[in-house]
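Protein chains: 2
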Amino acid sequence: MEKGLILWFTGLSGAGKTTISKVVAEKLKQRGQKVEILDGDIVRENLSKGLTFSKEDRDINIRRIGFVAHLLSRNGVVAITAAISPYKAIRNEIREMYDNFIEVYINAPLEVCEQRDVKGLYAKARSGEIKNFTGIDDPYEPPDNPEITCCTDQESLDESVAHVISSLEKYGYLT
Amino acid sequence: MEKGLILWFTGLSGAGKTTISKVVAEKLKQRGQKVEILDGDIVRENLSKGLTFSKEDRDINIRRIGFVAHLLSRNGVVAITAAISPYKAIRNEIREMYDNFIEVYINAPLEVCEQRDVKGLYAKARSGEIKNFTGIDDPYEPPDNPEITCCTDQESLDESVAHVISSLEKYGYLT
Numbered sequence: 024m025e026k027g028l029i030l031w032f033t034g035l036s037g038a039g040k041t042t043i044s045k046v047v048a049e050k051l052k053q054r055g056q057k058v059e060i061l062d063g064d065i066v067r068e069n070l071s072k073g074l075t076f077s078k079e080d081r082d083i084n085i086r087r088i089g090f091v092a093h094l095l096s097r098n099g100v101v102a103i104t105a106a107i108s109p110y111k112a113i114r115n116e117i118r119e120m121y122d123n124f125i126e127v128y129i130n131a132p133l134e135v136c137e138q139r140d141v142k143g144l145y146a147k148a149r150s151g152e153i154k155n156f157t158g159i160d161d162p163y164e165p166p167d168n169p170e171i172t173c174c175t176d177q178e179s180l181d182e183s184v185a186h187v188i189s190s191l192e193k194y195g196y197l198t
Numbered sequence: 024m025e026k027g028l029i030l031w032f033t034g035l036s037g038a039g040k041t042t043i044s045k046v047v048a049e050k051l052k053q054r055g056q057k058v059e060i061l062d063g064d065i066v067r068e069n070l071s072k073g074l075t076f077s078k079e080d081r082d083i084n085i086r087r088i089g090f091v092a093h094l095l096s097r098n099g100v101v102a103i104t105a106a107i108s109p110y111k112a113i114r115n116e117i118r119e120m121y122d123n124f125i126e127v128y129i130n131a132p133l134e135v136c137e138q139r140d141v142k143g144l145y146a147k148a149r150s151g152e153i154k155n156f157t158g159i160d161d162p163y164e165p166p167d168n169p170e171i172t173c174c175t176d177q178e179s180l181d182e183s184v185a186h187v188i189s190s191l192e193k194y195g196y197l198t
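One line per chain: the protein sequences are A and B, in this order.
Following the numbering used here, the numbering of the first sequence begins with 24 at its first residue and continues without gaps.
Following the numbering used here, the numbering of the second sequence begins with 24 at its first residue and continues without gaps.
It should be emphasised that the hints constitute simulated quantities derived from the structure, not laboratory data.
Treat the hints loosely; a few may be bogus.
If several chains are the same, the list does not tell them apart, and a pair holds so long as it fits within one copy or across any two.
Unchecked claim - List time: in silico DSSO-like cross-link candidates among lysine-lysine, alpha-carbon distance up to 30 Å:
#, residue 1, residue 2
1, Lys26, Lys57
2, Lys26, Lys50
3, Lys45, Lys142
Extracted from the complex, chain A is given alone in its bound form:
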């Protein structure tokens, strides 16, 4: 297949976006698909250095990710974005602007994400060392109708990955 798409992961820090996206990417590559992961941290480093975590700057960051994902997807690449992207309106803006947009909600309760605290960021947010941290002192707006939802507190990594892949088959993006 040579059909590109934008696989837009959204969810709290620690919900499992990066972990799932990496395994999904491997599975797709095994099927001969071209894949790029636009991870939140990598994009901040390469496209958005200097931007803060204010709502305005987050929106600018998300628009840039959307622009690059679009350039890739229209050339046959599955562009997987794995940034928190907490605001519904901007995610919907991207959905409206570009074709083949699939929203993947990586859903885990805040308590679970905070308990995992893989990067130690929740502790810093609770102590006030980090400001504007999504879920703590900044909002996260879950999608109303995501094409795919993975509940990572209730399913294994393998189950989440299988669910993403089978959903892409169901939607006709994979044969």
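We have chain A already, so just place chain B on it with the hints.
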């Protein structure tokens, strides 16, 4: 062919980067190649809004273009960049970082570009309305050893385009 590359146009405003890049893109598409043009203005709008034309901000802008061009080229796309990119060091940084980098120097004397003044920018730079304008009150550093040079004051558009295409064949990027 599915070989991607970064076709990096550099040259003064009005030298002919955008014009030549568009026709080259068409020729490549006719040969079945995937192509994206990362034009200076489009990139400023979508990836670098808010950046100035200081040396520091220009370098950031060029690094972003390089990053996106690399994402495209490693997925089999010919990424044509058409920003002025006046500084040699940052162009060479991009060359070192990424594979399949081809520098295309669109060379026309400043007097010729200023006489063309397609966008009316030279007049504004001369009057002081625009500051840090390349060639007027900001430097342009020509490449030492570009893979391809087009002298647009001495050759027609068709000749420049033919020269770019035949050079890509010579370098083994087109069959």
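Between the shortest in-copy and the shortest cross-copy C-alpha distance, which are at most 30 Å for Lys26 and Lys50: within, between, both, or neither?
Both. Shortest intra-copy (16 Å) and inter-copy (23 Å) distances satisfy the 30 Å Cα cut-off.
For Lys45 and Lys142, with the copy left unspecified, which applies at a CA distance of at most 30 Å: within, between, both, or neither?
within (17 Å within a copy, 45 Å between copies)
Within a copy, between copies, both or neither: which one fits Lys26 and Lys57 at a CA-CA cutoff of 30 Å?
Both: 9 Å inside a copy, 13 Å across copies.
In summary, this structure violates none of the numbered hints.
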